[in-house]
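Kindly generate the complete structure, drawing on both the sequences and the hints.
Line order of the protein sequences matches chains A and B. First residue of the first sequence: 345, per my numbering; consecutive thereafter. First residue of the second sequence: 516, per my numbering; consecutive thereafter.
Among the clues, some could well be false.
[Claimed, not checked] With a cut-off of at most 27 Å between alpha-carbon atoms, the simulated DSSO-like pairs for lysine-lysine come out as follows:
hint, chain 1, residue 1, chain 2, residue 2
1, A, 385, B, 555
2, B, 694, A, 348
3, A, 387, B, 694
4, B, 545, A, 348
5, B, 555, B, 694
6, A, 387, B, 555
7, A, 735, A, 878
Calculated directly from the structure, the hints in this document are not laboratory data.
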Amino acid sequence: MTTKLMTGNEALAWGAVHAGVKVVTGYPGTPSTGALTSLLKMKPPGVYVEWSVNEKVALEVAAGAAWAGQRALCTMKMSGLNVCYDSLISVAYSGVLGGLVVYVADDPGVNAGMPEQDSRGFAIMADLPMLEPASADEIYRLTQTAFGLSQDSRSPVFIRLVTANADAFAPVDLNDDPPAWPEREAVLTHDIERFTKAGAAICTAQHRDLIARLEQAGRWIADAGLNTLTLGKQGGLGVVAAGITTAYLTEGFETAARYGFVPEDSSVLQIKAVHPFPVAEAQALLRRCGTILVLEELEPHLETGFYVEAQRQGLSPTIVGKLNGQFSRLGEYGVRQVVEGLGAALGLSLPHDLFAGSDEAETMAAARPITVCAGCPHRGTFMAINAAVRKAGFKKNQVMVTGDIGCTILGMNPPFNAVWTEVAMGAALGLAEGYVHAGVESPVIATVGDSTFYHAGIPALINAVQHQVPVTLIIMDNGWTSMTGMQVDPGTSEDYQQPGDRPLDLAKIVPALGVEQFWVVDPFRVDDMAQTLKAALELPGVKVLLARQECVMPASRRGDRAGHTTVIDENCNLCRLCINLTGCPAITLGEAAIEIDSSLCYGCGLCAATCNRDAIRVEATEEVVG
Amino acid sequence: MNNYDIYLVGVGGQGVLTIGEIIMVAAFQKGHSVNFYPTKGMAQRGGFVKAQLRISRDPAGAGIPEKGADLVISTEVSETLKAVRFIKPGGDVVLLAYVSAPTDVMIGKAPYPTLEAVAEQVRRAGARLTVIAPDSLPSFEGAPVPDNIFTLGAAVAHTRLGELLDPASVETTVRTRWKRGIERNLFALSAGLQSTP
Ligand code: SF4
Ligand code: SF4
Chain A
345 MTTKLMTGNE ALAWGAVHAG VKVVTGYPGT PSTGALTSLL KMKPPGVYVE
395 WSVNEKVALE VAAGAAWAGQ RALCTMKMSG LNVCYDSLIS VAYSGVLGGL
445 VVYVADDPGV NAGMPEQDSR GFAIMADLPM LEPASADEIY RLTQTAFGLS
495 QDSRSPVFIR LVTANADAFA PVDLNDDPPA WPEREAVLTH DIERFTKAGA
545 AICTAQHRDL IARLEQAGRW IADAGLNTLT LGKQGGLGVV AAGITTAYLT
595 EGFETAARYG FVPEDSSVLQ IKAVHPFPVA EAQALLRRCG TILVLEELEP
645 HLETGFYVEA QRQGLSPTIV GKLNGQFSRL GEYGVRQVVE GLGAALGLSL
695 PHDLFAGSDE AETMAAARPI TVCAGCPHRG TFMAINAAVR KAGFKKNQVM
745 VTGDIGCTIL GMNPPFNAVW TEVAMGAALG LAEGYVHAGV ESPVIATVGD
795 STFYHAGIPA LINAVQHQVP VTLIIMDNGW TSMTGMQVDP GTSEDYQQPG
845 DRPLDLAKIV PALGVEQFWV VDPFRVDDMA QTLKAALELP GVKVLLARQE
895 CVMPASRRGD RAGHTTVIDE NCNLCRLCIN LTGCPAITLG EAAIEIDSSL
945 CYGCGLCAAT CNRDAIRVEA TEEVVG
Chain B
516 MNNYDIYLVG VGGQGVLTIG EIIMVAAFQK GHSVNFYPTK GMAQRGGFVK
566 AQLRISRDPA GAGIPEKGAD LVISTEVSET LKAVRFIKPG GDVVLLAYVS
616 APTDVMIGKA PYPTLEAVAE QVRRAGARLT VIAPDSLPSF EGAPVPDNIF
666 TLGAAVAHTR LGELLDPASV ETTVRTRWKR GIERNLFALS AGLQSTP
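Right under this line is the structure:
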C-alpha cells in the first residue's frame with residue numbers, strides 16, 4: 345500500500361482502474377472534470393477513455409459497453425445528469441450485464457455557477473442505488489465497491505461527490521497490488537424483453553425487475569456494511585450523517601463536548617449508500633432514540649425517510665433537520681452544522697457567536713467581476729456585437745443577445761454587458777427563436793461556443809433553418825472546451841486529438857445544415873466582424889457567423905503569440921478608451937501613459953484598434969494571424 | 516484534534532495555490548493528515564481564488580468554519596477582506612500587499628479599500644497582521660524573486676506555522692517541486708524566512 349495525496353476525482357479514477365474498468369466516457373463539468381482528466385493522463389493499458397460530445401452520448405456509450413458485459417464509467421456534473429437522464433432511465437429499466445457506474449458531482453454552495461441541484465433526487469426517481477463517499481480514501485474504495493454492486497445487482501450505480509471532496513486533495517491508501525482483471529470478451533445478448541421498450545408488457549416487466557434489483561442492491565449494501573450504526577444509550581440522541589457531512593462528525597463532536605455534549609451517549613448512523621433508504625438501520629435508530637439529528641446537504645431526502653419510518657413504526661420522535669427549520673437547504677455544510685445541530689437537539693448553551701465571524705469586512709472588498717483572459721478572442725466578438733448593434737442604429741437595450749454556457753457567457757460582465765441570458769448547454773439559439781416568435785421586432789442574436797454548439801446547439805440550428813426563423817447566430821469557435829480547463833472537443837486541432845481520432849470542421853457543418861447565409865470571421869478584426877454582423881442583422885432568415893480564433897490558454901502554453909504590442913507613451917493622453925472598451929487585464933493605468941504587461945499580453949491587437957491617437961502599436965506574428 | 520487551519524486568498528495567476536500545495540506536501544511528509552480544498556473558479560486569470568488547507572492529527576472535512584483559521588495567507592489587499600470572517604481570534608494574517616485593481620476601480624468607477632482599512636478589519640477580528648510590501652522584495656540574479664515563495668518563507672518564520680513545519684522540510688518540498696528554477700525559489704524561501712516582520 346502506498347499513501348498518496350490526490351483529489352477525490354483522481355481517487356475515483358484510480359478506483360475505477362483498480363476495479364477493472366474497460367470504457368470511460370464523460371463530458372467536462374466542474375467539479376467532475378478531474379476524474380476523466382486523470383484517466384487521460386494515466387493512460388491505463390486496455391482502458392478506452394473519451395471526452396464525448398455530450399453527457400447523453402457519453403452515457404449511451406458507457407451503457408453499450410456495460411451491455412456487452414464490460415465495466416464502464418461515465419462522468420459528469422449535475423447539469424450533465426439532466427442531459428443524459430432520458431437514456432439513463434431507460435437503461436435503468438433494462439439493467440446491465442457488466443458494470444455501469446455513473447459518477448455525478450454536485451456543487452452545494454455554488455462554487456462554479458449553475459443550479460444547486462441535489463442529484464440524489466435522480467437516484468430516487470430512477471430506482472438506482474447511489475453511493476456517497478466522504479474522504480478521498482473512501483472515494484477510492486467505494487468506487488471499487490460501486491462496480492461490484494453494479495455487477496452483482498445488474499443495475500447501474502451512481503456515485504455522487506460534491507465539490508468539497510471532488511476537488512480537494514487528501515491522502516489515499518492506494519493498493520500496490522490491485523487484482524489483475526482478466527481480459528473479458530465482449531458478449532452480444534439478443535433479448536428484446538430486456539433491451540427494448542416495445543410495448544406495455546415489456547415495460548411493465550422491466551419496471552418490476554427494476555424494483556427487484558433495487559431491493560437486491562439494498563440487501564447487498566446491508567451485507568457489505570456500507571452504512572454504519574453505532575448504538576449509544578437508550579433514549580439518547582441519534583445522529584444521522586450522510587456523505588460529506590460524515591467527515592465533520594469527529595471534529596463537531598469534540599467541539600460540542602466542550603459545551604456538555606456526551607458523544608458516548610449518542611447513537612450515530614453514517615450513511616454512505618444514500619439510496620435505497622437504509623430502512624433496517626433507521627428502524628434500529630428510531631427504537632433507540634427519541635430525538636434524531638439529520639445532517640445532509642441540500643434537500644431533506646434522508647430526513648423525509650425518517651419521518652416515513654417513524655410513522656410506519658408508530659413512533660413520534662423529534663427530528664432536527666431542515667423540515668423543523670433548523671437547517672438551510674442552501675450551501676455547504678461543515679463543523680458548524682454539526683455543532684449547532686447538536687446544540688439545538690440537546691439544548692446545549694453554545695456561545696451565540698461561536699462560528700459567526702464579522703461579515704462587515706467582506707462588504708468592503710472590491711467587486712471583481714470575471715472577464716475573459718488577455719488576448720481572448722471572445723473579447724473581439726463582444727466588442728463587435730456592441731459595435732454592430734450601434735451601427736445598425738439600435739441602442740444596446742433594444743437588441744436581445746442570448747448567451748450560452750462556458751467562457752462565452754463572460755460577455756454578460758463589464759465592460760461589454762453584451763449578453764443577457766444563461767440557461768443550459770446549447771440553449772441560446774432556441775431561446776432566441778422564442779424571442780422572435782414572441783414578436784420582438786429588433787434583431788435577435790444568439791451566441792454559443794464551439795463545444796457547446798456540438799454538445800446541444802445543433803438541434804436548435806436545425807429547428808431555426810426548418811422554420812426559417814429570422815435570427816443571427818454567432819458561433820465563437822476557439823477550438824477547445826475552455827472554461828473547464830481546456831479539454832479537447834470535436835473541433836480541436838488534430839495535434840491534440842487522441843491517436844486515431846479525427847477533428848470536425850464547423851465551417852463545413854453549418855452550411856450542411858442548410859444555412860445559406862454563412863460567414864467565417866476573425867474576432868481579432870473587430871471592424872470587419874462588426875461590419876459583417878451589421879449586414880447580417882439587416883438580412884431576413886437564418887444567419888450564422890463563425891468567429892474563429894484559438895483560445896489563448898493553449899496557444900500561449902505552446903508559446904504562440906498573435907503579435908507584439910508597444911505603447912507610444914507620448915501619444916497616450918490617458919483617455920482610457922482602450923480600457924473602457926476592451927477591459928483587457930493586461931492593460932493598467934500608468935503615470936503618464938497606459939502600461940501593457942508583456943507577460944500577459946497576447947498581441948491580439950484589439951486595444952490598438954480602439955485607440956485613436958496611435959498610442960498602441962501591434963506587430964503581428966505572421967504564422968499565427970491569418 | 517489539534518487542527519491547524521490555513522485559509523488562502525488571492526487572485527488567479529499570483530501563485531497563492533502553490534503556497535498551499537507546498538505546505539500541504541511538507542505537512543503530509545511530516546506525518547500529518549492534510550486536506551487541501553482549492554477553489555479556482557474558472558480557467559481565466561484575474562478572478563478570486565481561495566483555498567482551505569487543514570492540517571490535523573485525524574482526517575478532517577475540507578471546510579474551515581468561520582473563526583476557525585489559525586492562519587490566513589493573502590496575496591492581494593482587497594481579497595484579504597474575504598478571509599476575515601474565517602480568522603480565529605489570536606490567529607495570524609500574512610499579507611503580500613499587492614493591489615490588483617479590477618477595471619472599474621482602475622477607471623475610477625468603483626472604490627478600493629486602503630491597506631489601513633484592511634489592517635483595521637484584521638485587528639478587529641483579533642489577529643496579528645504581517646504585511647509584506649511587494650516593492651521590498653529582494654531580487655535574484657537581476658529578476659524579482661518568486662513572491663509567493665517569499666511569502667511562504669515569511670509565514671513559516673513569523674507565525675505558528677513554523678512550529679508545525681521546520682524550514683528544512685519546506686525547503687525539501689520546494690526542491691522537489693520544480694525541475695527548473697530551483698535556485699531562485701530556494702533563494703526566495705530563505706529570504707522570506709529571514710525577513711523581519
Ligand atoms: S480560457 Fe480561453 S476562451 Fe476562456 S476566457 Fe480565456 S482565452 Fe477566452
Ligand atoms: S493586444 Fe491589447 S487587448 Fe490584446 S492582449 Fe495585448 S493588451 Fe490585451
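Here is what the structure says about each hint:
| no. | hint | verdict |
| --- | --- | --- |
| 1 | A:385 with B:555 | holds, 21 Å |
| 2 | B:694 with A:348 | holds, 20 Å |
| 3 | A:387 with B:694 | holds, 23 Å |
| 4 | B:545 with A:348 | holds, 13 Å |
| 5 | B:555 with B:694 | holds, 24 Å |
| 6 | A:387 with B:555 | holds, 26 Å |
| 7 | A:735 with A:878 | holds, 7 Å |
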